[in-house]
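Student: Here is how the chains run, residue by residue.
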Amino acid sequence: MTNDSAAQTGRRHSLRLMLAGVAGLAAGARAPARATPSEMQAAIAAFSRGAMPQSGSLRLVVPELVENGNSVPVSVMVDSPMTERDHVRRIALFSEKNPQPQVVVFHLGPRSGRADVSTRIRLADSQRLVAIAELTDGRFVQTSVEVIVTLAACIEN
Amino acid sequence: MAGALVKVQARARRGEVIDITAMVAHPMETGFRTGENGQILPRNIVQLFVCRYDGVEVFRAEFHPAITANPYIAFTTVATRTGTLEFRWIDDRGAEVIERAALIVE
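Heads up: the sequence lines are chains A and B, in that order. Everything in the first sequence is counted per this note's numbering, starting at 28 for the first residue and increasing by one. Everything in the second sequence is counted per this note's numbering, starting at 0 for the first residue and increasing by one.
A portion of the hints provided could be inaccurate.
Said to hold, decoys possible - For each label pair, taking beta carbons as the anchor points, the in silico distance ranges come out as: (1) Val5/B / Pro100/A: 25 to 33 angstroms; (2) Ala69/A / Thr33/B: 36 to 44 angstroms; (3) Ala101/B / Thr63/A: 46 to 54 angstroms; (4) Arg92/B / Glu91/A: 32 to 40 angstroms; (5) Ser65/A / Pro41/B: 23 to 31 angstroms; (6) Arg86/A / Val55/B: 22 to 30 angstroms; (7) Glu105/B / Leu92/A: 38 to 46 angstroms; (8) Arg116/A / Ala9/B: 43 to 51 angstroms; (9) Ser171/A / Asp91/B: 46 to 54 angstroms; (10) Lys6/B / Gly77/A: 19 to 27 angstroms; (11) Thr63/A / Arg13/B: 46 to 54 angstroms.
By construction, these hints were calculated from the structure, which means they are not laboratory data. The C-beta atom is built at its ideal place from N, Cα and C for all residues, glycine as well.
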């Protein structure tokens, strides 16, 4: 009796170990590359050439709750006269938890008329999105939005 | 790359800021996915979109793998004079799609 139950426990234990091993393997093999907040900071520093972005007059519009991370509508607007002397040069988007922090860079100018761009992006997870605009006076302004993703973009398959 | 879809109004007043939307059919393969044989599917994304108005660049976008398949983009430009808007997409393999739209400025 005692021997039996001991053997059973042993079998159960090894089964559990095996299962854990398989799960671990699967997790290891399937773990997608993820950007980290520090990688995002590095990408932002590369974009702003080291300048510290200030919070400023730009708006990042993303649905707060995203059902499908494979296609997330994103709009960025900057309050700017868009004249020859005073306009937005570039707008970039950064992600904290996608495989890469860079998302997109828009190049604008006085012929844009308005600083108002939209696109659709993939989000691998709930995370913070950052938008940064480069202005003609050399300043960088930024804003960020927290987004909750219920179904992540499929990174693997 | 196959088809492109561009929406621009046909006529505008001089100085009017017009809205443009542009989309191209493209899988935007991220380079992070594995195929059936376990090999990583090589990255192939549209990396660049450029809009020229009468030959002068007025807008450009650099895409990364986080942009969706069939990348969609909406932006604006000032209607300066009657002319042609040219839209060009270039992917990692060098494939190009070019689409044009005429704009009459009154």
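Student: Compare the structure with each hint and give your call.
Tutor: Going through the hints against the structure:
no.: 1; hint: Val5/B / Pro100/A: 25 to 33 angstroms; in the structure: 18 angstroms, violated
no.: 2; hint: Ala69/A / Thr33/B: 36 to 44 angstroms; in the structure: 27 angstroms, violated
no.: 3; hint: Ala101/B / Thr63/A: 46 to 54 angstroms; in the structure: 47 angstroms, holds
no.: 4; hint: Arg92/B / Glu91/A: 32 to 40 angstroms; in the structure: 37 angstroms, holds
no.: 5; hint: Ser65/A / Pro41/B: 23 to 31 angstroms; in the structure: 28 angstroms, holds
no.: 6; hint: Arg86/A / Val55/B: 22 to 30 angstroms; in the structure: 28 angstroms, holds
no.: 7; hint: Glu105/B / Leu92/A: 38 to 46 angstroms; in the structure: 44 angstroms, holds
no.: 8; hint: Arg116/A / Ala9/B: 43 to 51 angstroms; in the structure: 30 angstroms, violated
no.: 9; hint: Ser171/A / Asp91/B: 46 to 54 angstroms; in the structure: 29 angstroms, violated
no.: 10; hint: Lys6/B / Gly77/A: 19 to 27 angstroms; in the structure: 39 angstroms, violated
no.: 11; hint: Thr63/A / Arg13/B: 46 to 54 angstroms; in the structure: 49 angstroms, holds
Hints 1, 2, 8, 9 and 10 from the earlier list are contradicted by this structure; the remaining hints agree with it.
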